[in-house]
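> Can you build the whole structure from these sequences, using the hints too?
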Amino acid sequence: MAKKLALIASKGTLDWAYPPFILASTAAALDYEVCIFFTFYGLTLLKKDISDLKVSPLGNPAMPMPVPMPNFVQMLPGMESMATMMMKQQIADKGVASIEDLRRACLESGVKLIACQMTVDLFDFKRSDFIEGIEIGGAATFFEFAGNSDVSLFI
Amino acid sequence: MDFDKEVDAKNLNCPLPILRCKKGLNDLQANQVLKIMATDPGSVKDFEAFCKQTGHTLLQLDQTDKVFTFYIKKRNDAL
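Protein chains in written order, with this note's numbering: chain A, 1 to 155; chain B, 1001 to 1079.
To be clear, the hints were calculated from the coordinates, so they are not data collected in a lab. In this text, all values refer to a predicted model and were calculated from it rather than measured experimentally. Among the hints, erroneous ones may be present.
Simulated pairs of lysine-lysine, DSBU-like, Cα-Cα distance not exceeding 35 Å [as the list claims (entries may be wrong)]: (1) Lys54(A) - Lys11(A); (2) Lys88(A) - Lys48(A); (3) Lys1023(B) - Lys48(A); (4) Lys88(A) - Lys1005(B); (5) Lys54(A) - Lys1005(B); (6) Lys11(A) - Lys1073(B); (7) Lys1010(B) - Lys1035(B); (8) Lys94(A) - Lys1073(B); (9) Lys4(A) - Lys94(A); (10) Lys1045(B) - Lys88(A); (11) Lys1045(B) - Lys112(A); (12) Lys48(A) - Lys11(A); (13) Lys3(A) - Lys47(A); (14) Lys4(A) - Lys1010(B); (15) Lys47(A) - Lys1023(B); (16) Lys1010(B) - Lys11(A); (17) Lys1005(B) - Lys11(A); (18) Lys1035(B) - Lys112(A); (19) Lys1023(B) - Lys94(A); (20) Lys47(A) - Lys1010(B); (21) Lys11(A) - Lys47(A); (22) Lys4(A) - Lys1023(B); (23) Lys1045(B) - Lys54(A); (24) Lys88(A) - Lys11(A); (25) Lys3(A) - Lys1073(B); (26) Lys3(A) - Lys1045(B); (27) Lys1073(B) - Lys112(A); (28) Lys1010(B) - Lys1052(B); (29) Lys47(A) - Lys112(A); (30) Lys1073(B) - Lys47(A); (31) Lys94(A) - Lys1005(B); (32) Lys3(A) - Lys1035(B); (33) Lys1073(B) - Lys1045(B); (34) Lys126(A) - Lys1045(B); (35) Lys1052(B) - Lys1066(B); (36) Lys54(A) - Lys1073(B).
Pulled from the structure, derived: some chain B residues nowhere near chain A, Cβ distances all over 12 Å [said to hold, decoys possible]: (37) Phe1003; (38) Lys1005; (39) Asn1026; (40) Gln1029.
We put the CB at the ideal spot given by N, CA and C, even for glycine.
Here is the structure:
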């Protein structure tokens, strides 16, 4: 019987979008059955257009920067966009997959994507904001799958 | 070494070589051989782990300069 991987994706920044989609697509390639439950800011990763994901150096002291930058500089308008642009360039230069590609790989390999009903309501998202092929469910829906999983991670 | 399909995963980073490998194997029949090339140094360990877990056989690994070439035989009871 296939092994099972259950993930919770709770973050919606460009950097933190990677771990759930990398692990899910790889596990699917290893013949795992995979389910990702998207909650809070993670819901952003299910939107139709995810080309505007951002990464911020502010409050993120471990983020490698070309020059050391104090917090008050990072607050300036445009710094977040600049950091995001630099990160995207780096991603392309190093042959790292785009989030769009990894999400597509997940969908193609049958990874189950579940949007958290409560946070969909909380943030006033609409079903039409999200891509096709996802489900909307609650914590009990997650446990229906996670309860029988071999690996379960909160990201 | 003879092979039935070739996949180029050069200049791609984790996990793309493994995803391309899986995709390539999907197009093959049992016991056919996939040749896949990668430049990601992490791919050596990853391909060994991939084969160990999926039951496909890593027949051969060649390294020239910075390119790793894997020959993988598709498992017999493949879905």
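> All hints, please: hold or fail.
Hints and how they fare:
Between Lys54(A) and Lys11(A) the alpha-carbon distance is near 11 Å, which keeps this suggested pair within the 35 Å criterion. A threshold of 35 Å between alpha carbons decides the hint, and for Lys88(A) with Lys48(A) the separation of about 19 Å falls inside it, so the pair holds. For the proposed pair Lys1023(B) and Lys48(A), the alpha carbon gap of about 24 Å is at most 35 Å, so the pair holds. This hinted pair checks out: Lys88(A) and Lys1005(B) have alpha carbons roughly 32 Å apart, not beyond 35 Å.
This hinted pair does not check out: Lys54(A) and Lys1005(B) have alpha carbons roughly 39 Å apart, beyond 35 Å. A C-alpha spacing of about 39 Å is found between Lys11(A) and Lys1073(B), which places the hinted pair above 35 Å, so the restraint is violated. At roughly 12 Å between alpha-carbon atoms, Lys1010(B) and Lys1035(B) fall within 35 Å of each other, so this suggested pair holds. For the hint pairing Lys94(A) with Lys1073(B), the CA-to-CA distance comes to about 29 Å; that is within 35 Å, so the pair holds.
Straight-line distance between C-alpha atoms of Lys4(A) and Lys94(A) comes to about 30 Å, which keeps the hinted pair within the 35 Å bound. For the given pair, Lys1045(B) sits about 27 Å from Lys88(A) by alpha-carbon distance, which is consistent with the 35 Å threshold. Straight-line distance between C-alpha atoms of Lys1045(B) and Lys112(A) comes to about 28 Å, which keeps the hinted pair within the 35 Å bound. Straight-line distance between C-alpha atoms of Lys48(A) and Lys11(A) comes to about 17 Å, which keeps the hinted pair within the 35 Å bound.
Our distance criterion of 35 Å between C-alpha atoms is met by Lys3(A) and Lys47(A), whose separation comes to about 28 Å. Only pairs whose Cα atoms come within 35 Å are accepted, and Lys4(A) paired with Lys1010(B) is accepted, the gap being roughly 30 Å. As the CA atoms of Lys47(A) and Lys1023(B) are separated by approximately 26 Å, the hinted pair is consistent with the 35 Å bound. About 30 Å separates the Cα atoms of Lys1010(B) and Lys11(A), which keeps this hinted pair within 35 Å; it holds.
A threshold of 35 Å between alpha carbons decides the hint, and for Lys1005(B) with Lys11(A) the separation of about 39 Å lies outside it, so the pair is violated. Only pairs whose Cα atoms come within 35 Å are accepted, and Lys1035(B) paired with Lys112(A) is accepted, the gap being roughly 30 Å. Restraint check for Lys1023(B) and Lys94(A): satisfied, since their Cα atoms lie roughly 22 Å apart, inside the 35 Å limit. For a cut-off of 35 Å, the pair hint linking Lys47(A) to Lys1010(B) stands: about 30 Å separates their Cα positions.
At roughly 13 Å between alpha-carbon atoms, Lys11(A) and Lys47(A) fall within 35 Å of each other, so this suggested pair holds. For the proposed pair Lys4(A) and Lys1023(B), the alpha carbon gap of about 20 Å is at most 35 Å, so the pair holds. As the CA atoms of Lys1045(B) and Lys54(A) are separated by approximately 32 Å, the hinted pair is consistent with the 35 Å bound. The straight-line distance between the Cα atoms of Lys88(A) and Lys11(A) is roughly 18 Å, inside the 35 Å bound, and the hint therefore holds.
A hinted pair counts as satisfied when its Cα atoms are at most 35 Å apart, and Lys3(A) with Lys1073(B) qualifies at roughly 22 Å. Pair hint Lys3(A) plus Lys1045(B) holds up; C-alpha atoms about 21 Å apart against a cutoff of 35 Å. Of the pairs offered as hints, the one joining Lys1073(B) and Lys112(A) holds, with about 29 Å between alpha carbons and a cut-off of 35 Å not exceeded. For the given pair, Lys1010(B) sits about 22 Å from Lys1052(B) by alpha-carbon distance, which is consistent with the 35 Å threshold.
Distance check on the hinted pair: Lys47(A) and Lys112(A) sit about 15 Å apart at the alpha-carbon level, within 35 Å; holds. Only pairs whose Cα atoms come within 35 Å are accepted, and Lys1073(B) paired with Lys47(A) is rejected, the gap being roughly 38 Å. Straight-line distance between C-alpha atoms of Lys94(A) and Lys1005(B) comes to about 26 Å, which keeps the hinted pair within the 35 Å bound. Restraint check for Lys3(A) and Lys1035(B): the C-alpha separation of about 27 Å stays at or below 35 Å, so the hint holds.
A distance of roughly 17 Å separates the Cα atoms of Lys1073(B) and Lys1045(B); the hinted pair therefore holds under the 35 Å criterion. Our distance criterion of 35 Å between C-alpha atoms is broken by Lys126(A) and Lys1045(B), whose separation comes to about 43 Å. Of the supplied pair hints, the one linking Lys1052(B) and Lys1066(B) holds, its CA atoms being roughly 24 Å apart against a limit of 35 Å. Our distance criterion of 35 Å between C-alpha atoms is broken by Lys54(A) and Lys1073(B), whose separation comes to about 41 Å.
Even its closest Cβ contact with chain A, about 20 Å, leaves Phe1003(B) beyond 12 Å, as expected for a residue assigned away from the interface. At roughly 16 Å, the least C-beta separation between Lys1005(B) and chain A is larger than 12 Å, which holds for a residue marked as non-interface. With a closest Cβ-Cβ approach of about 10 Å to chain A, Asn1026(B) is found to fall inside the 12 Å limit, against its non-interface label. Residue placement check: Gln1029(B) keeps its beta carbon more than 12 Å from all beta carbons of chain A (closest about 18 Å).
Checked against the numbered hints above, the structure breaks hints 5, 6, 17, 30, 34, 36, 39 and satisfies the rest.
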